[in-house]
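Please model the complete structure; the sequences and the hints are all you need to start from.
There are 2 protein chains.
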Amino acid sequence: MNNLKFMLKPKSVAIIGASRVPGKAGRVILENYINTGYSGKLYPVNPNAENLLGLKAYAHVSEIKGNIDLAVIAVPAPVVPEVLEECGKKKVKSAVVISGGFAEVGNKELQDKIVKIAEKYNIAVLGPNCLGVLDTRSRVNTLFLPTYKLSEPRVGYVSFVSQSGAVGSTVLDVIEGEGFGLSKFFSYGNAAAIDETDILNYLLKDKETKVVVMYIEGIKRGAEFVKVAKKISMKKPVIVLKAGRTSAGASAAHSHTASLAGNYAVQEAIFKQFGFTVAEDLEDLITYAKIFSLEEETAGNNVAVITNGGGTGVLTADEIGSSGKLRLAEFSEETKEALRKAMPPIVNIADPLDLAGDADAERFGKALELVSKDPNVDMIIAIVLFQTPGADSTVAAEIIKQKNTTDKPVVVISPGSSYTAMQKIMMESGGVPVYDSPASAVKALTALLDYSNYRKRKTD
Amino acid sequence: MNNLKFMLKPKSVAIIGASRVPGKAGRVILENYINTGYSGKLYPVNPNAENLLGLKAYAHVSEIKGNIDLAVIAVPAPVVPEVLEECGKKKVKSAVVISGGFAEVGNKELQDKIVKIAEKYNIAVLGPNCLGVLDTRSRVNTLFLPTYKLSEPRVGYVSFVSQSGAVGSTVLDVIEGEGFGLSKFFSYGNAAAIDETDILNYLLKDKETKVVVMYIEGIKRGAEFVKVAKKISMKKPVIVLKAGRTSAGASAAHSHTASLAGNYAVQEAIFKQFGFTVAEDLEDLITYAKIFSLEEETAGNNVAVITNGGGTGVLTADEIGSSGKLRLAEFSEETKEALRKAMPPIVNIADPLDLAGDADAERFGKALELVSKDPNVDMIIAIVLFQTPGADSTVAAEIIKQKNTTDKPVVVISPGSSYTAMQKIMMESGGVPVYDSPASAVKALTALLDYSNYRKRKTD
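Read top to bottom, the protein sequences are chains A and B. Each residue of the first sequence is one higher than the one before, starting from 2 at the first, in the working numbering. Each residue of the second sequence is one higher than the one before, starting from 2 at the first, in the working numbering.
To be clear, the hints were calculated from the coordinates, so they are not data collected in a lab. Any given hint could be a false lead.
Treat identical chains as interchangeable: a pair holds within one or across any two.
[To be verified] Capping the alpha-carbon separation at 30 Å, the derived lysine-lysine pairs in BS3-like fashion look like this:
no. : residue 1 : residue 2
1   : K12       : K231
2   : K326      : K273
3   : K57       : K6
4   : K6        : K236
5   : K90       : K10
6   : K211      : K367
7   : K342      : K25
8   : K25       : K367
9   : K326      : K6
10  : K459      : K91
11  : K367      : K42
And the structure:
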C-alpha cells in the first residue's frame, strides 16, 4: 500500500460530494481544507454548482485537468462505485470513502464492488464508513467535523489509528488539550481494502511517527498483523486499546463494526509478547502516548520522588509500592550528604524527598540536579503543587532545564485547575510529561520500563 | 466539639500575625478574607502596624472591644502558646493554628502546651501545622494560598476533610473546575486537639453537608472513629482515601505527619463494613464525590447505555462487563417496540443503543425518555460525543430535562477538550454528573450501587 503516501501528502485533492449546504459532510470537509491552510490544489466536485466557497467546481473528476493524488468521496453509498470507477479512469492514486451504508448495515455486496474497482485501478482506498485521515504536517484533513468543536492538535510524533471514528475524534480532541503533538490520524471504518495491518506497515517506515497508538475492535488478517507487529515494536512503541475485553464488550463490538473480537486474553498475550503497551481505557491511551512521545527509555526501575507536598508524596509512594514493578530509590551516601548541605533543615533527606510547601525554583533545581546524578536513581517524579506559595512558572522552567540536562526520564505530577493547566502546557512543550495524578504517572513509568526491558531483551 | 460552629460561622475573626509583607501567610489570609466577601467583623492583630489593608490593626487581642468567635494564628511556633493564652483570657471561642514547627519536627512538648491551654479555656483548636478551614457559605477561609492560584469552589454539599494541606489544596483546586460544589473544607494538620473523629461528628449533623470526602494518613482514636463511622454512613455517603496502602506509602506517611498508618487491609475492611466508599487515588475522590453529590441512589444494577458513538459504547460495555457488579440491561419488549417506532432505521435496537453520529437533541431525548421508563433499567449512561455534527448544547439541555424527569440515576460520558468542557459544566450545574471516560463513569455507578445496597441492608 505504497499509495498511502499519496493519501497523506497529496499535491492535489478532489472533494467529491462537496456540497452547497452548510453542515453537510462534503461541505464541512471543503471548509476545513480551506480554513486549515492546505497548500496543494483543491477541486470541489459537484454537478449542481459552478463555484463553491470561491473555488471552481467540477461536475465530474474527468473534467479536472491536472493529476489527482487523493479523492475524498462523500456521496450516497449507491453512487460510490460509479464515482470510484470515474476516479480509476482518471488515474486517481488514493481515495477516502467517507460515506456509510455498506457492510456495517449488511450491504456487503456494495462494499465488495468498491474493493474490486480499487484493485482494478490500483487505488489505495480507505473506508468506507470512516472519518479518513489527518496529517498535521501536510494539513490533509478529511474529517467532517466542524473545527470549532474539535481543534486540530499541534504537530508532533504520535500517530493514531482508530477503527472507530467516534473514539478517534474524541481522542484527537483530548490530545489537542495536551502538550504533546500528533503526526497522523487514520479512521479506517469498515477496512474494505486498507486495514490496520497496512497502516502499521506504512507507519513502520514513517519518519514522522515515533509512537503508534491504536484503537481496534477486531483484527482482520492475524498472520500478517503478527508479522508487522514483530518488526514495528523494535523500532517504535505501539500502544493498543482493544475493544471486547468482556463478553458484553465483544458482543457490542460485533453489532458496531461486525468485528469478531476474538479471545481477548489470547490477543492481549500476543500484544504483550510483541512489546505492545496494552491500554484498558481511553485515558490510558493519553497517559501512554505522552510518556512515549516525550521520553526515550529507562535503565532501571528505581524512582526518586521529589515533592513540595508531603501527602501527595505519600500517595505516590503508595502507587509505586503497588505497581509491583517500580521501587523507591535508595539514595547513595554521596547524594544524601550533598542534599543535606544544599537543603534547608526542614527537608528530611529521604525518598520521597519532601521539599516543603515553600519550595521555590532554586530548591527544586538543586534537588533535581543532585538526585539525577545519583547512580541509584533511574527515573525521577517531580510533584509540583502549583497551589503552594513558592511554586510558579520559574519552577516549571527549572524543571524543563533539569530534564534537558539529564538522560534519565523526568515526569511531573501537578493536579489542579486553570493556573496549573498553564504550567502543564509550558512544561510539556518543553519536553516534560505532566500527569494529574500519582496513578497515571506511575502507570506511565511502568509502561516505559516494560518497553525498555523488551527492547533490551530483544537486542541483547 | 460544639465550638466548631464558631470556627465555621464566626461573627468576628481576629487574624493574629496579619503581616505588612505581601506573600506572608498572615497577610495572604487577611487579603483573602477581604477579597472573598466575608461579612463579619475582621480584626488584624500586629503589634507593629496601626492599619492593614484599610483596617485598624491591634497590638494584642485583649485590645479588641467585641467578642471574637475565631482567631486565626499565623505567628512563629514559640510564640503560639502565649498568643493562645491571650485568646483564652479574651474568651475567644475557636482558633486555627496555621503555624508549623510542632510535633511534625519533633517538638511534641510545644504542641502539648497548646493542647493544655485549649483545654483550660475551652477553645476549639484546629492544627497546628494546617491550612485550616473554608466554608463556601459563610466565606470563612483561613487558607494562606493566593486566590489567583486556587479559585474558590462554588457553593455545594460536599465537605472535604484532609490531613494533608497539600492534598487538600490540590483537590479543592480540581473541584473548582468541576460542576458540583463544596460545602466545607478542613485541613487539620497535626490534630493536636481536634481530629478526624471530631470533624466527622460535626459533619454528621451538618445540614449543609450531604457527602463527606476524607484524606487520612492515620486514625488517632480508633474506637471513637468506629462509633461515628457507624452512625454517619446511615445518614450520608463517606468517601475515604487512606494513605499507606503499601509499605512504601506507610513509611512515607510516617515521616510526613508522624502517623502510624496501621494495617491497611484491616482498615479497608472496616471502612467497607461501615459502608464507606474507599478511593485508591486522588482522581477517585472526584469521581465519587461527583456521583454522590448529584445522585441519590439506585434500585439495582441494570445499566442502559445510550450513545452517539459506537466505539465508545463498546468500551463502556467492556467496563460494565469487567466491573463484576453492573450489567447491561435487557430492554423490555414494550421498550424495544417503542424504540423501533421512534428511532430511524439506522438505529439497531440493543443495549448499548447506538443513536449514530448524527443524533441530535430530539433523538437523544426520545431515547432517554423511553429507556428511563423501562422497568428493566435501573441506571442510564448517556455517551455524548460533542465532536459529532449533531451534538451541541441543545443535547446537553435535553439530558438535563430528562434527568430531572426520572428518579433513576443518569450520568454522562463526554471526553474532549474546550468545547466539551463548556457542555460539561452546563450539565453538571443542571444536576447531571459528567465523566470523561467509561472507566470513571462505571466506577462511579458501582460505588453508588454498593452504597445503595449497604443502606438497604441496614434499614431492612
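Comparing the hints with the structure gives:
{"no.": "1", "hint": "K12 / K231", "result": "neither (33 Å within a copy, 71 Å between copies)"}
{"no.": "2", "hint": "K326 / K273", "result": "both (16 Å within a copy, 28 Å between copies)"}
{"no.": "3", "hint": "K57 / K6", "result": "within (26 Å within a copy, 74 Å between copies)"}
{"no.": "4", "hint": "K6 / K236", "result": "within (20 Å within a copy, 63 Å between copies)"}
{"no.": "5", "hint": "K90 / K10", "result": "within (21 Å within a copy, 81 Å between copies)"}
{"no.": "6", "hint": "K211 / K367", "result": "neither (32 Å within a copy, 45 Å between copies)"}
{"no.": "7", "hint": "K342 / K25", "result": "between (67 Å within a copy, 26 Å between copies)"}
{"no.": "8", "hint": "K25 / K367", "result": "between (57 Å within a copy, 24 Å between copies)"}
{"no.": "9", "hint": "K326 / K6", "result": "neither (41 Å within a copy, 47 Å between copies)"}
{"no.": "10", "hint": "K459 / K91", "result": "neither (47 Å within a copy, 75 Å between copies)"}
{"no.": "11", "hint": "K367 / K42", "result": "neither (54 Å within a copy, 44 Å between copies)"}
Checked against the numbered hints given earlier, the structure breaks hints 1, 6, 9, 10, 11 and satisfies all the rest.
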